[in-house]
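There are 4 protein chains.
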Amino acid sequence: MDLGVTDRVRPLIEQVRRMVETEIAPLDAEYHEEVGKHPSGDRFLHTDRQIEILEALKSKAKERGLWNFWLTDSERGFGLTTVEYAYLAEEMGKVGIAAEVFNCNAPDTGNMEVLERYGTQAHKNLWLKPLLTGDIRSAYLMTEPDEASSDATNIALSAVKDGDEWVLNGEKWWASGAGDSRCKLYIVMARTDPDAHKHSRHSMFLIPADADGLEVLRPMHVFNTDDAPHGHMHIRFTNVRVPEADLVLGRGRGFEVAQGRLGPGRIHHCMRAIGQAERALELLCKRALSREAFGKKLADLGANHDIIANARMEIEMARLLCLKAAWMMDTQGTRAAQPWISKIKVIAPLMALKVVDEAMQVHGAAGISQDFPLASMWAHLRTLRFADGPDAVHRRQVARVELRKYTNAG
Amino acid sequence: MDLGVTDRVRPLIEQVRRMVETEIAPLDAEYHEEVGKHPSGDRFLHTDRQIEILEALKSKAKERGLWNFWLTDSERGFGLTTVEYAYLAEEMGKVGIAAEVFNCNAPDTGNMEVLERYGTQAHKNLWLKPLLTGDIRSAYLMTEPDEASSDATNIALSAVKDGDEWVLNGEKWWASGAGDSRCKLYIVMARTDPDAHKHSRHSMFLIPADADGLEVLRPMHVFNTDDAPHGHMHIRFTNVRVPEADLVLGRGRGFEVAQGRLGPGRIHHCMRAIGQAERALELLCKRALSREAFGKKLADLGANHDIIANARMEIEMARLLCLKAAWMMDTQGTRAAQPWISKIKVIAPLMALKVVDEAMQVHGAAGISQDFPLASMWAHLRTLRFADGPDAVHRRQVARVELRKYTNAG
Amino acid sequence: MDLGVTDRVRPLIEQVRRMVETEIAPLDAEYHEEVGKHPSGDRFLHTDRQIEILEALKSKAKERGLWNFWLTDSERGFGLTTVEYAYLAEEMGKVGIAAEVFNCNAPDTGNMEVLERYGTQAHKNLWLKPLLTGDIRSAYLMTEPDEASSDATNIALSAVKDGDEWVLNGEKWWASGAGDSRCKLYIVMARTDPDAHKHSRHSMFLIPADADGLEVLRPMHVFNTDDAPHGHMHIRFTNVRVPEADLVLGRGRGFEVAQGRLGPGRIHHCMRAIGQAERALELLCKRALSREAFGKKLADLGANHDIIANARMEIEMARLLCLKAAWMMDTQGTRAAQPWISKIKVIAPLMALKVVDEAMQVHGAAGISQDFPLASMWAHLRTLRFADGPDAVHRRQVARVELRKYTNAG
Amino acid sequence: MDLGVTDRVRPLIEQVRRMVETEIAPLDAEYHEEVGKHPSGDRFLHTDRQIEILEALKSKAKERGLWNFWLTDSERGFGLTTVEYAYLAEEMGKVGIAAEVFNCNAPDTGNMEVLERYGTQAHKNLWLKPLLTGDIRSAYLMTEPDEASSDATNIALSAVKDGDEWVLNGEKWWASGAGDSRCKLYIVMARTDPDAHKHSRHSMFLIPADADGLEVLRPMHVFNTDDAPHGHMHIRFTNVRVPEADLVLGRGRGFEVAQGRLGPGRIHHCMRAIGQAERALELLCKRALSREAFGKKLADLGANHDIIANARMEIEMARLLCLKAAWMMDTQGTRAAQPWISKIKVIAPLMALKVVDEAMQVHGAAGISQDFPLASMWAHLRTLRFADGPDAVHRRQVARVELRKYTNAG
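From first to last, the protein sequence lines are chains A, B, C and D.
To convert a position in the first sequence, counted from 1, into the numbering used here, add 8.
To convert a position in the second sequence, counted from 1, into the numbering used here, add 8.
To convert a position in the third sequence, counted from 1, into the numbering used here, add 8.
To convert a position in the fourth sequence, counted from 1, into the numbering used here, add 8.
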């Protein structure tokens, strides 16, 4: 069970780390300050400067061959293992726009996985190609406003067959990335067979973002921000027509696709969360060493030694657990890795939230302000406690696996 | 030690609760949606509709005599005890704009306390009168960007005597309410005597918001929002001249004023935090009863019974502790109440954050969106863990009092 | 809602506190060291010295009128309120044998409540009288080895009518106090009507400890100690015959008796737990001030300030909650007080365990040894998390009350 | 960084697991019930049956070559890595006497490490040989009653040179294993050079348990048990004379020896703690599946799914962290591994205590009784939070390493 950095990936990690620190981080703040400055007033349009920042960085990354690392266990790209990718994802998690610079950002990576694994050649030509080059973006439409989507069998957006087309009606929300004007593809889970077995009721559709009948109602806010220009959109479907050919993998197999997509996606989120925790701990320590109160460095006051030690210990444990989940995925497949993914999906965001929260506290009011990335990190991490399944559902999964050890035998 | 609802305050509580629920809550969302819609594009200007909402509600409150409850232990106003006021503050805490409707909002209440207790008759005529009628607003400028303000002796904004004027230079930030165009008065703590004993170095000044040399640099963000039109402003002082007469209570007595101000202010914050926790628990229960997953109500899934029970128990304990701190203030004075205020200042925000966080989790992604007040409540409550002293400083105070029991004797 | 110390109870508290500190505490260690020294080798027989210690202290208490405080809301005794008693119980909780010295120890107080409230005159003459004078002791037999007794409807010890006698068969365990040779009375819950409604299946019996067919199988251990000579006994019933007249209150009313008994009993346990937490915090502070490491007092190292402050805050909150539950009992009756009793039954033992655990940690290995009372306190407090209902059942009760607010309306 | 089970160790793990489950566990309870039954009444003498149980099991283990696994990175024995040993230690941790059966029990393993690494040939012949064969036992005397031994520089037992002998005076306590009549060797840290640098003040001595001037004052109790016949003894030194030749490694090098000894010892404790947590979780699940309340299995009530899932997640993380610490030791030496050992020393006992506590709670009162091993496990694990350094000291170490990253650079 080798969870370490391989010789193959070590130089990549170094390159990515250096580029994140020295080239991306300095521009990340500027990128975010540009939000809302498009002359049209439309917050979801990139400013010229934003485009310039992004494209210049992407070009550099591509030139250096630092691109599409996420495509694990594949002939295309680097053919990295998930364990190897984990170390890279951690570095990319440290700064907001870094993942996109290397074409490794959610939800595109998950969406590309879907196309790579389950798409037809036509799907690949039309959608995967420009996604792999970073020319377009995509969104994944799963969650719905009217259902407890923690139970995916609740998903209710209706798809009815009409000739060789499907007609979709209903609403989706939290379509992350759908605010981006470069977003051209929606991957949509809809209920095609309401009376089938609960795991065979749904199918997965590929729909152009400009299809007739699609209406973006509003951006959902994440702790008071609209996360423009990325956006988490609330979208209405009114008689949206999709050809049979754009149903992925087959009717009633929506769940299978969703499961196949979510496994790696969840791990990647967790890896990036660990990167954020590392960055927060670094900020915490630096602040604690640079400010004084009551005649002492903050670092030496109160429970700060314990807080720092606990943060370090929890980061290390979460990283090791994440690496083990990745290793399970690499060596024993998604299904066997599932309970490990559930574990890390609970642990990593909780851990990172705690570290970021402690870092905010050490910074005082500055910590929640625009002067530090901590509040944004916290808000983003907080969404991970429901995105791709809330903690409670993952804990339930882990408990069931545990109890089964003693019931199957009987 | 009567911590209960008195006969005198019971009907007031009922009236306030009803007005908050039926008249204020329905307009609160609209008020907040208006933010940023001023034709000038200036987010810190109220729209006509915002003014209309606020003034209509304030007029109703005034007519009904539901006004200025906070003025405890005083001949003016109701002469309520702090314990009695606690029950009212809790109700007002449940909805964003409610406290202002009853002229009981921070930082104005604390600032009015300063003027009432320590101001000259001239100060009262000029500033207290219009504050008591709700015609102007005020801000309190304490924290500074370049110092760990958790140790108030660090405060460094310089005031130098020049004739019978003081000349102030430096920066303050997190001047809450200073964004509001109705804000006319700044109460400012400055360092007048750097070489005096650490508790005699500072003095407190009254400064008109439009004084020469004041420059509002920017609004500080609270978890990505500028909290307009209230605002938490970063302000630069360049040779701001203040007449000797506008120094409150006396040179070198800034600390005394700050302590006198902070005691009740901290309790009021805690009371309102308890109201927010109550509202969050109500939202949690309602959501948990109205949604289903895996064939059961969310309320009956996972650890939700335990989560609900823990929330209820922690709210009750925090409320009782808060009432005891209020009772100490009423019966034994601010100094004796100090360690009790430190206790509740640590406990109430932490408790409320926990309840709100659980409520967000039960709501799924909706819980952090604009569709529910939970994310705003969380962000606001999070600031209370440093505002008026960070948790660590209050814990330190409590520990010192405890240890002194065994060292003084020896 | 007066939760304070009344003028009536203040001098009693002072007398009890002084007697506990100066007269009982110094003998408590000696009393416990005597365990196992009876010449017969029987650990459950008191040594002469133990009897001497106990009886001398009891006589003093009786002479001073410090006796049977627990009999609240009654014409006999002091007629204290539960709130008043709470302050006394806290003092008595601080030292192991103190409660018995004042005839206020469990399970006798609960058993006396049963006899006082529900007993016939004959029961009172035979059993209540010598219990009130402290001449005999009693036990309460509820829990059973073969059932999850957290659900009291599971209780299965069989009682079958035979003429005007009942014949009991089955097993009980954790009969606390039944090891004591002075224990003469067992109050026993048995299932008389297995087919009745689940709350009417059981009846409560008074049975002399020397009745035929009773066999003490063994003492149950509490963290490796048999708690001799008090003991928590495992008892077998083989055709134990009980006359109809010794069934309390009426057939099928066992639950009603149990509920009436448990309310005050649970509060008393919690009050004493708070006393133990206070004593533990005192020990913690004294140790932390008296030892040094790395050139500093332990008190000033690591997170100890935070640990002390948290302990103080949690003790205060638990005490206030306990007083509120007592006040509910006094003013609104056992039924209305029930959810409050559930709350405090969860909170007080958890809080006290935490404080004792921190105190042990500050003492190092000494803290878990015979040189300090902390380990015994911890072990005893740990039992309270299941005695009279486990935490989970009480949390469930609190949650149901909370959720009912929103379902009853609908 | 291979943290997995190697092919070499896999069959050993299987054999050890099977022997623990099928041969040792069934006799462990009987062994413990024999305590105190020696005809002399001396609890610290093994009964014939105890000797019989132990020796029969030890012989079987030896015959099968399952012996002295702990001797890592050595030509003697198996030459296992620490990582490999970790998996074995976990299995041995599950049952009380198992570690001794395989001659892998504390404190003997640590003491043998000292002799192996730092002893002279004479020391090895006299002491290491019979320890390796399991013919004698040993104790390690470090902690003292009058000093905060968390700071090892406080250690004060005096050793004064007199000719070519040292004369030792003072007291040690918590000499674990010194109660055992087979214990023949004490390894003792004493202060030889009070005025030297704080890390050069102490030296390490080998002293026969029957040396003149040694007096065992009493067994220290661990949560009310004397842990006979192993025992944790309080020992007085009165002019105990030790020849210069029995000073290990050299005068003033006591710290170096202690550090060398503690590294692996701490990891082994943690590995066994993880085994105990696994066993507790197994007991928890089995109980939760076998008992019902309120018409449901306990497993499906309250927060039990979450409790089980959290236990599983925390066990996995602690194991991975422990394996990483072992791997650091194997690949980069004790010094580099030190912060990792500190981490796991904090984490593993806390985690195991939590799991055992939850398991006790699910068992109700039975969980703290002699019917289950949980209370003994808890008491033993609780000592690990101070043994070999309290949590606070280890957290302090971790924090200092963390902060140094940012101060060294400056």
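Fair warning: there could be bad hints in the mix.
Pairs involving identical chains hold if they fit within one copy or between any two copies, as the list cannot separate such chains.
[To be verified] Straight-line alpha carbon distances no greater than 25 Å define the calculated PhoX-like cross-link-like pairs of lysine-lysine that follow:
#1 Lys-45 - Lys-304
#2 Lys-66 - Lys-305
#3 Lys-45 - Lys-169
#4 Lys-294 - Lys-413
#5 Lys-206 - Lys-304
#6 Lys-413 - Lys-169
#7 Lys-294 - Lys-137
#8 Lys-169 - Lys-70
#9 Lys-304 - Lys-169
#10 Lys-132 - Lys-192
#11 Lys-305 - Lys-413
#12 Lys-305 - Lys-206
No lab work stands behind these hints, which were simulated from the structure alone.
Results of checking the hints against the structure:
In the homo-oligomer, the alpha carbons of Lys-45 and Lys-304 never lie at most 25 Å apart, since the shortest distance is 43 Å inside one protomer and 47 Å across protomers. Within a single copy, Lys-66 and Lys-305 get their C-alpha atoms no closer than 41 Å, and across copies no closer than 47 Å, so neither meets the 25 Å cut-off. Taking the closest pair of Cα atoms, Lys-45 and Lys-169 never come within 25 Å of each other, the shortest separation being 44 Å inside a single copy and 44 Å across copies. In this homomeric assembly, Lys-294 and Lys-413 come within 25 Å of each other (Cα to Cα) only across copies, at 10 Å, whereas the closest approach inside a single copy is 47 Å.
With identical chains, the CA atoms of Lys-206 and Lys-304 are at most 25 Å apart between copies only, with a shortest distance of 15 Å across copies and 61 Å within one. Taking the shortest alpha-carbon separations for Lys-413 and Lys-169, neither the intra-copy value of 43 Å nor the inter-copy value of 45 Å comes in at or below 25 Å. In the homo-oligomer, the alpha carbons of Lys-294 and Lys-137 never lie at most 25 Å apart, since the shortest distance is 43 Å inside one protomer and 47 Å across protomers. When the C-alpha separation of Lys-169 and Lys-70 is checked against a cutoff of 25 Å, the pair qualifies neither within a copy, at 42 Å, nor between copies, at 62 Å.
In this assembly of identical chains, Lys-304 and Lys-169 lie within 25 Å of each other by CA distance neither inside one copy nor across copies; the values are 71 Å within and 31 Å between. Taking the shortest Cα distances, Lys-132 and Lys-192 sit within 25 Å of each other inside one copy (14 Å), while across copies they are farther apart (63 Å). In the homo-oligomer, the alpha carbons of Lys-305 and Lys-413 lie at most 25 Å apart only across protomers (16 Å), although the nearest pairing inside one protomer, at 51 Å, exceeds that limit. When the C-alpha separation of Lys-305 and Lys-206 is checked against a cutoff of 25 Å, the pair qualifies only between copies, where the shortest distance is 18 Å, while the shortest distance within a copy is 59 Å.
When held up to the earlier numbered hints, the structure conflicts with 1, 2, 3, 6, 7, 8 and 9 and fits the remainder.
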